[in-house]
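Undergrad: Chains A and B supply the protein sequences, listed in that same order.
Here the first sequence is numbered in our numbering, starting from 1 and rising by one per residue.
Here the second sequence is numbered in our numbering, starting from 1 and rising by one per residue.
Rather than coming from a laboratory, the hints here were simulated on the basis of the structure.
Predicted model, so just to flag it, every value in this text is computed and none were measured.
Hints may be right or wrong, so weigh each one.
[As the list claims (entries may be wrong)] Straight-line Cα separation of at most 25 Å, PhoX-like style, residue types lysine-lysine; simulated pairs:
hint : chain 1 : residue 1 : chain 2 : residue 2
1    : B       : Lys130    : B       : Lys120
2    : B       : Lys120    : A       : Lys175
3    : A       : Lys175    : B       : Lys137
4    : B       : Lys165    : B       : Lys137
5    : B       : Lys165    : B       : Lys120
6    : A       : Lys175    : B       : Lys165
[What the hints assert, rightly or not] Computed spacing ranges between beta-carbons, pair by pair:
hint : chain 1 : residue 1 : chain 2 : residue 2 : range
7    : B       : Gly177    : A       : Phe40     : 38 to 46 Å
8    : B       : Met170    : A       : Ser264    : 24 to 32 Å
9    : B       : Met170    : A       : Met219    : 47 to 55 Å
10   : A       : Thr95     : B       : Gly140    : 31 to 39 Å
11   : A       : Leu259    : B       : Glu163    : 43 to 51 Å
[Said to hold, decoys possible] Calculated from the model, a selection of chain A residues having no Cβ within reach of chain B, i.e. all distances over 12 Å:
hint : residue
12   : Tyr4
13   : Leu17
14   : Ile20
15   : Leu29
16   : Ala52
17   : Tyr85
18   : Thr206
19   : Leu217
20   : Pro220
21   : Gln246
Beta carbons are placed, not taken as given, at the ideal position from N, Cα and C, and that holds for glycine.
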Amino acid sequence: MDRYVFREGSFTVITWLSGIAVFAIFALLVFDVFYHSGLFSLEFLFSDVKGAGREGGILPVIISTSLIVLTCSVVSLPIALGSAYFLFYFSRQNTRISALLRVSLDVLASTPSIVFGLFGSAFFCLYLDLGFSILSGGLTLACMILPAVIRMCEEGLSATPEEYGLQAAALGMSKTALFFHVLLPAALPTLSAAVLLGIGRALSETAALLFTSGYVLRMPESLMDSGRSLSIHIYDLAMNIPGGDQNAYRTAAVLLGMLFVINSVALASMNFCAGRVIRK
Amino acid sequence: MNRILRKLYRSDLEGVHYAECDANGAAGCAAIEAKNLSVHYDGVPAFRDVSVSFPPCQITALVGPSGCGKTSFLQCLNRLTDLIPAAEVFGDLRIGATSVFPGDCDVSSLRKRVGMIFQKPTPFPFSIRKNFHLALKEHGTHCSTERDVRMEKALRDVGLWTEVKDRLGMNAMSLSGGQKQRLCIARALALQPEVLLMDEPCSALDPIASATVEELISSLRGRYTVIMVTHNISQARRLADYAAFFWVKHNTGHLVEHGEAKKLFYEPVNDLTQAYVSGRAG
Ligand SMILES: Nc1ncnc2c1ncn2[C@@H]1O[C@H](COP(=O)(O)OP(=O)(O)OP(=O)(O)O)[C@@H](O)[C@H]1O
Ligand SMILES: [Mg+2]
Numbered sequence: 001m002d003r004y005v006f007r008e009g010s011f012t013v014i015t016w017l018s019g020i021a022v023f024a025i026f027a028l029l030v031f032d033v034f035y036h037s038g039l040f041s042l043e044f045l046f047s048d049v050k051g052a053g054r055e056g057g058i059l060p061v062i063i064s065t066s067l068i069v070l071t072c073s074v075v076s077l078p079i080a081l082g083s084a085y086f087l088f089y090f091s092r093q094n095t096r097i098s099a100l101l102r103v104s105l106d107v108l109a110s111t112p113s114i115v116f117g118l119f120g121s122a123f124f125c126l127y128l129d130l131g132f133s134i135l136s137g138g139l140t141l142a143c144m145i146l147p148a149v150i151r152m153c154e155e156g157l158s159a160t161p162e163e164y165g166l167q168a169a170a171l172g173m174s175k176t177a178l179f180f181h182v183l184l185p186a187a188l189p190t191l192s193a194a195v196l197l198g199i200g201r202a203l204s205e206t207a208a209l210l211f212t213s214g215y216v217l218r219m220p221e222s223l224m225d226s227g228r229s230l231s232i233h234i235y236d237l238a239m240n241i242p243g244g245d246q247n248a249y250r251t252a253a254v255l256l257g258m259l260f261v262i263n264s265v266a267l268a269s270m271n272f273c274a275g276r277v278i279r280k
Numbered sequence: 001m002n003r004i005l006r007k008l009y010r011s012d013l014e015g016v017h018y019a020e021c022d023a024n025g026a027a028g029c030a031a032i033e034a035k036n037l038s039v040h041y042d043g044v045p046a047f048r049d050v051s052v053s054f055p056p057c058q059i060t061a062l063v064g065p066s067g068c069g070k071t072s073f074l075q076c077l078n079r080l081t082d083l084i085p086a087a088e089v090f091g092d093l094r095i096g097a098t099s100v101f102p103g104d105c106d107v108s109s110l111r112k113r114v115g116m117i118f119q120k121p122t123p124f125p126f127s128i129r130k131n132f133h134l135a136l137k138e139h140g141t142h143c144s145t146e147r148d149v150r151m152e153k154a155l156r157d158v159g160l161w162t163e164v165k166d167r168l169g170m171n172a173m174s175l176s177g178g179q180k181q182r183l184c185i186a187r188a189l190a191l192q193p194e195v196l197l198m199d200e201p202c203s204a205l206d207p208i209a210s211a212t213v214e215e216l217i218s219s220l221r222g223r224y225t226v227i228m229v230t231h232n233i234s235q236a237r238r239l240a241d242y243a244a245f246f247w248v249k250h251n252t253g254h255l256v257e258h259g260e261a262k263k264l265f266y267e268p269v270n271d272l273t274q275a276y277v278s279g280r281a282g
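Between the sequences and the hints, there should be enough to build the whole structure, so can you do that?
TA: Structure (structure tokens):
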């Protein structure tokens, strides 16, 4: 009985401690950022950069970041869904090839982003002659987030009951109809969570963008312009610009805020999905 | 305006739906004729050389022990075997006037004519209405009023209309098991099939829901050719007009006896059948 109490008690204590530790780290980080950034007005978001970022706002950086992330999502979304369906479908036919594919995707997913940056600068900037541009950056990010997003989307598709395939066929529905009208909507919450998590990762990326979209501070006029993302702006202000610290922290606060919003949406859609499964 | 459209469609549909049975299978229900039909999985036969013809507009029960190939046989009839890479079908099969297995057979319209109900009811996880609309849209019913009319008709046919008419937007997953199964039957009926295949349609249901579904199946007599697999001999006795008995020998299914249900269940010719239907074997 005593051993039972000891075991259960220590288990409870350890889980609580680790929970508190994680939360404490998070709280410290947020505190650090907001302590140094101080309160700043929304004007920071909507005004032009001055003095290499020491003064003024971050409007061009926000625009560049949004364009990079938008390019990345527009390119990666259809590819992710297509490949996820391919994997999902062929894992039932040829288990060996699909296992191989899965392992390679998992390796790619854990490849450091700097490697993707080098690849992107060699392939998109030089070989395809896109130069330092938002397009190169977005495409590189797409390559970087795809492996993980594909795997998550595939998990989402596999979580749908196997009977749907048989049932849809029995109703004379085509494979396309099964995918677009049954599997996609049924897996939508997991799929959107996967995509949002991928976008969150793209949003906070530095290394892969350093060599591809560059760090020009001007307002971008097209996708072929170079543009600086939020995380590169933070890096540059903190490392290269004397007196840029406070704006670095402010930019970090903005980035944290954006990540918070994206991850909350992802979490909410996953909860929605879980709720739906339970209600079955 | 909508109401007028609805009326128009309804009178239109009635003509099709209750068309007289004819042996050609042009409308109403179709006869089924198999000649030397076999299914192999990875070269191993699941059942072999089944030659049988099932009369149109009647309820046929397929009985036999587990693993004798009843499900495989049903899956041949609407070519669901196409979905199993390991499966290979030999022999000849005709439903109404169409031959099922030549390469140019339009599988989608075949499956519209030959509906299937599974043991585990599988509505899609959307609203009740969308379950019907999805299937109907796929077969070219592009007018949504017409889809609604067909849905209502099918739901009335299975006795589900009064239970769900006020909550058609509700997720079909929140229906009870028996309701789900009746919804699946209604969804198949909405496509105006000629043949309905049912693979143990009641075995996942409680006795009361099972009795309701049984009653429903009985009400389909005369309008559709129903082929029903069941492990419940007394259910087969109650429902079937015609019956076929499969047996498994050396891991391969064979058709042992088929004929009028009364004859097969009460005075079988074969000793195996006698033993099985009286509960002494299987
Ligand atoms: N997808 C498949 N791949 C390989 N073999 C299969 C497959 N489906 C069925 N079989 C084999 O075919 C034989 C017949 O199976 P089937 O499911 O048709 O039997 P059944 O009469 O429906 O049995 P039950 O009454 O248990 O449902 C079995 O030996 C089974 O192992
Ligand atoms: Mg079976």
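Undergrad: Work down the list of hints and note, for each, if the structure agrees.
TA: Hints, verified against the model:
1. Proximity of lysine 130(B) to lysine 120(B) is assessed by CA-CA distance (about 20 Å); at most 25 Å being required, the pair is judged to hold.
2. Among the hinted pairs, lysine 120(B) with lysine 175(A) is consistent with the structure: their alpha-carbon atoms are about 21 Å apart, no more than 25 Å.
3. Note on lysine 175(A) and lysine 137(B): the hinted pairing holds, with a Cα-Cα distance of about 14 Å set against a maximum of 25 Å.
4. For the hint pairing lysine 165(B) with lysine 137(B), the CA-to-CA distance comes to about 21 Å; that is within 25 Å, so the pair holds.
5. Between lysine 165(B) and lysine 120(B), the direct Cα distance comes to roughly 24 Å. Compliance with the 25 Å bound is thereby established for this hinted pair.
6. Proximity of lysine 175(A) to lysine 165(B) is assessed by CA-CA distance (about 31 Å); at most 25 Å being required, the pair is judged violated.
7. At about 59 Å, the CB distance of glycine 177(B) to phenylalanine 40(A) disagrees with the hint of 38 to 46 Å.
8. As the Cβ distance of methionine 170(B) to serine 264(A) is approximately 28 Å, the hint placing it in 24 to 32 Å holds.
9. One distance hint, 47 to 55 Å for the beta-carbon pair methionine 170(B) and methionine 219(A), holds here, with the actual separation near 51 Å.
10. A hinted range of 31 to 39 Å holds for the C-beta pair threonine 95(A) and glycine 140(B), which are about 37 Å apart.
11. The supplied range of 43 to 51 Å is met by leucine 259(A) and glutamate 163(B), whose beta-carbon atoms lie about 47 Å from each other.
12. With 12 Å as the threshold on Cβ separation, the claim that tyrosine 4(A) sits away from chain B holds: the shortest Cβ distance comes to roughly 40 Å.
13. No beta-carbon of chain B is positioned within 12 Å of the beta-carbon of leucine 17(A); the least distance is around 40 Å.
14. Separation of isoleucine 20(A) from chain B is adequate, the least Cβ-Cβ distance of about 38 Å exceeding the 12 Å criterion.
15. Against chain B, the non-interface label of leucine 29(A) holds: every CB pair exceeds 12 Å, the least being about 39 Å.
16. For alanine 52(A), the condition that its CB be more than 12 Å from all CB atoms of chain B holds, with the nearest at approximately 54 Å.
17. The Cβ of tyrosine 85(A) lies farther than 12 Å from every Cβ of chain B, with a closest approach of about 16 Å, so its non-interface assignment holds.
18. Taking the minimum C-beta to C-beta distance to chain B, about 40 Å, the non-interface status of threonine 206(A) holds against the 12 Å cut.
19. At the 12 Å boundary, the C-beta of leucine 217(A) stays outside the reach of chain B, the nearest C-beta of that chain being 49 Å off.
20. Listed as a non-interface residue, proline 220(A) keeps its Cβ farther than 12 Å from every Cβ of chain B; the least gap is roughly 42 Å.
21. The beta carbon of glutamine 246(A) is kept farther than 12 Å from every beta carbon of chain B, the shortest such distance being approximately 51 Å.
The structure is inconsistent with the numbered hints 6, 7, although it conforms to all the rest.
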